[in-house]
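Each chain, written out:
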Amino acid sequence: MHWLQMQSWSPYVVGAAMGVLSWFTFLLSDKYLSCSTTYARLSGMVERRLRGSVVEQKAFYRKTPLIVDWQFMFVIGIFIGAFLSAFLSDSLHLEMVPELWRQHFGDTPVLRFLVAFAGGVLMGIGSRWADGCTSGHAISGALQLAISSWIAVVFLFASGVIVAQLMY
Amino acid sequence: MSCLRRVAAETDPMLDRLHQHRRLQLLLGLLMGVLFGILLQKGGLTHYDVVLGQLLFRDWTVVKIMLSAIIVGAIGIFLLRSFGHVRLQPKPASLGGSAIGGIIFGAGLATLGYCPGTVTGAMGQGSYDALTGGFFGILVGAGLFAHFYPWLDKHILNKGRIQAQTFPELWGVSPWTLVLPMVLVMALLLWFIERFSG
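First to last, the sequence lines map onto chains A and B. Per our numbering, the very first residue in the first sequence carries number 42; after that it's consecutive. Per our numbering, the very first residue in the second sequence carries number 48; after that it's consecutive.
What the hints contain is simulated information worked out from the structure, not anything from laboratory work. Worth double-checking, as some hints may not be accurate.
Unchecked claim - Computed beta-carbon distance windows for the label pairs:
1) A/Leu-207 to B/Trp-238: 30 to 38 Å
2) B/Gln-210 to A/Leu-129: 44 to 52 Å
3) A/Gly-147 to B/Trp-238: 37 to 45 Å
4) B/Ser-244 to A/Glu-97: 47 to 55 Å
5) B/Trp-238 to A/Leu-133: 29 to 37 Å
6) B/Trp-218 to A/Arg-89: 40 to 48 Å
7) B/Lys-206 to A/Glu-97: 24 to 32 Å
8) A/Leu-207 to B/Trp-198: 23 to 31 Å
9) A/Gly-147 to B/Leu-227: 46 to 54 Å
10) A/Glu-97 to B/Leu-231: 47 to 55 Å
11) A/Arg-92 to B/Ala-234: 45 to 53 Å
12) B/Thr-224 to A/Glu-136: 44 to 52 Å
Stated by the list, open to error - Dumping the calculated DSBU-like pairs for lysine-lysine here, alpha-carbon to alpha-carbon at most 35 Å:
13) B/Lys-206 to A/Lys-99
14) A/Lys-99 to B/Lys-201
15) B/Lys-201 to A/Lys-104
16) A/Lys-104 to B/Lys-206
Here a beta-carbon is modelled for each residue, glycine too, at the ideal position from N, C-alpha and C.
Whenever a hint applies, use it, and build me the whole structure from the sequences.
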């Protein structure tokens with residue numbers, strides 16, 4: 042288990058392993074690597090807690106039922122996997138503000154949390170709008186030569202680069 | 048090559064049974080998620096600095112990982128498909144959906160620095176902004192979208208609809224005539240990045 046204690050792996054090893062993992066998601070589960078739909082389901086479940094089963098009648102949740110499915114478990118797995126990976130390599134630590142952010146905008150957590158929250162809202166909207174996220178479109182969709190994914194990736198990357206350049 | 052070009056209509060009955068086994072699938076989802084989480088963390092993708100570093104063209108980790116994943120993934124998936132073991136699941140494309148959604152998503156990626164996959168991974172490694180900002184933000188955003196979905200679906204999401212779902216379908220060619228050149232171009236790009244940016 043020596044390699045699990047390493048802080049990081051070569052990006053080519055990581056990428057190739059993700060490619061191999063995607064073979065198995067298709068083969069064994071008839072699924073592709075993707076994450077963002079789970080947030081829509083979870084969001085609907087939270088809203089159902091607050092407002093009752095009327096939420097299930099919304100057009101979007103009739104299309105995307107509020108159930109725990111393969112992808113829901115996959116996203117929980119990511120949390121566990123990243124925790125294990127960080128824990129075993131001794132890189133688990135509570136970080137309030139990322140280093141690059143701190144250099145430019147200072148170490149006030151409140152500002153970082155507000156911007157991160159706004160970014161999260163945009164991402165929650167954008168991933169449903171484009172019907173996929175970085176894993177669903179940029180990896181799984183791109184490798185299937187899906188037109189929707191290549192369009193989304195080009196615009197996603199361009200927009201990300203422009204906003205990042207404006208910020209830094 | 049003729050067997051590789053054949054598009055299989057049916058999948059393996061044994062695999063079909065496996066796909067329909069709900070509890071086993073939930074377990075498989077969790078296991079594959081754990082593996083993906085380890086890869087994301089070891090690859091550095093759960094770090095804000097790495098993602099922003101890519102958008103600022105200072106750190107090429109994200110592109111290196113994505114291109115290697117696409118190269119290895121595409122070759123395997125299209126081989127498995129040629130033998131009838133998997134089916135593709137492309138999503139329908141439209142400019143109103145894929146392009147505008149991509150722009151909104153990109154702005155979110157640059158400000159948050161995590162994506163829906165890596166935000167849970169970042170939480171797992173202790174990044175506090177991923178939890179307080181990112182995780183709750185994405186939930187709120189997804190809920191807002193669900194709320195306005197009927198209007199968006201009617202007026203924006205289907206604008207500029209493209210009938211074909213994949214490029215081989217659009218151009219009427221065999222997948223391999225695109226997969227092989229794509230893999231080659233991506234490999235060259237990786238070589239170029241490694242050579243000139245380190």
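Status of each hint after checking the structure:
1. A/Leu-207 to B/Trp-238: 30 to 38 Å: 31 Å, holds
2. B/Gln-210 to A/Leu-129: 44 to 52 Å: Because 48 Å falls inside the window, the suggested range holds.
3. A/Gly-147 to B/Trp-238: 37 to 45 Å: Since the Cβ atoms of A/Gly-147 and B/Trp-238 sit about 40 Å apart, the hinted range of 37 to 45 Å holds.
4. B/Ser-244 to A/Glu-97: 47 to 55 Å: 50 Å, holds
5. B/Trp-238 to A/Leu-133: 29 to 37 Å: The hinted range 29 to 37 Å holds for B/Trp-238 and A/Leu-133, with Cβ atoms some 35 Å apart.
6. B/Trp-218 to A/Arg-89: 40 to 48 Å: Holds, at about 44 Å.
7. B/Lys-206 to A/Glu-97: 24 to 32 Å: Between B/Lys-206 and A/Glu-97, where Cβ atoms are some 28 Å apart, the hint holds.
8. A/Leu-207 to B/Trp-198: 23 to 31 Å: Because 29 Å falls inside the window, the suggested range holds.
9. A/Gly-147 to B/Leu-227: 46 to 54 Å: 50 Å, holds
10. A/Glu-97 to B/Leu-231: 47 to 55 Å: 48 Å, holds
11. A/Arg-92 to B/Ala-234: 45 to 53 Å: About 51 Å separates the Cβ atoms of A/Arg-92 and B/Ala-234, which means 45 to 53 Å holds.
12. B/Thr-224 to A/Glu-136: 44 to 52 Å: Holds, since B/Thr-224 and A/Glu-136 (Cβ atoms, about 47 Å apart) stay within the stated range.
13. B/Lys-206 to A/Lys-99: Given pair B/Lys-206, A/Lys-99 holds - Cα atoms ~22 Å apart, limit 35 Å.
14. A/Lys-99 to B/Lys-201: Roughly 15 Å separates the two Cα atoms, so the pair holds.
15. B/Lys-201 to A/Lys-104: Distance ~15 Å between B/Lys-201 and A/Lys-104 Cα, so the pair holds.
16. A/Lys-104 to B/Lys-206: Satisfied, since the Cα-Cα distance of roughly 20 Å is no more than 35 Å.
In the structure shown, no violation is registered for any of the earlier numbered hints.
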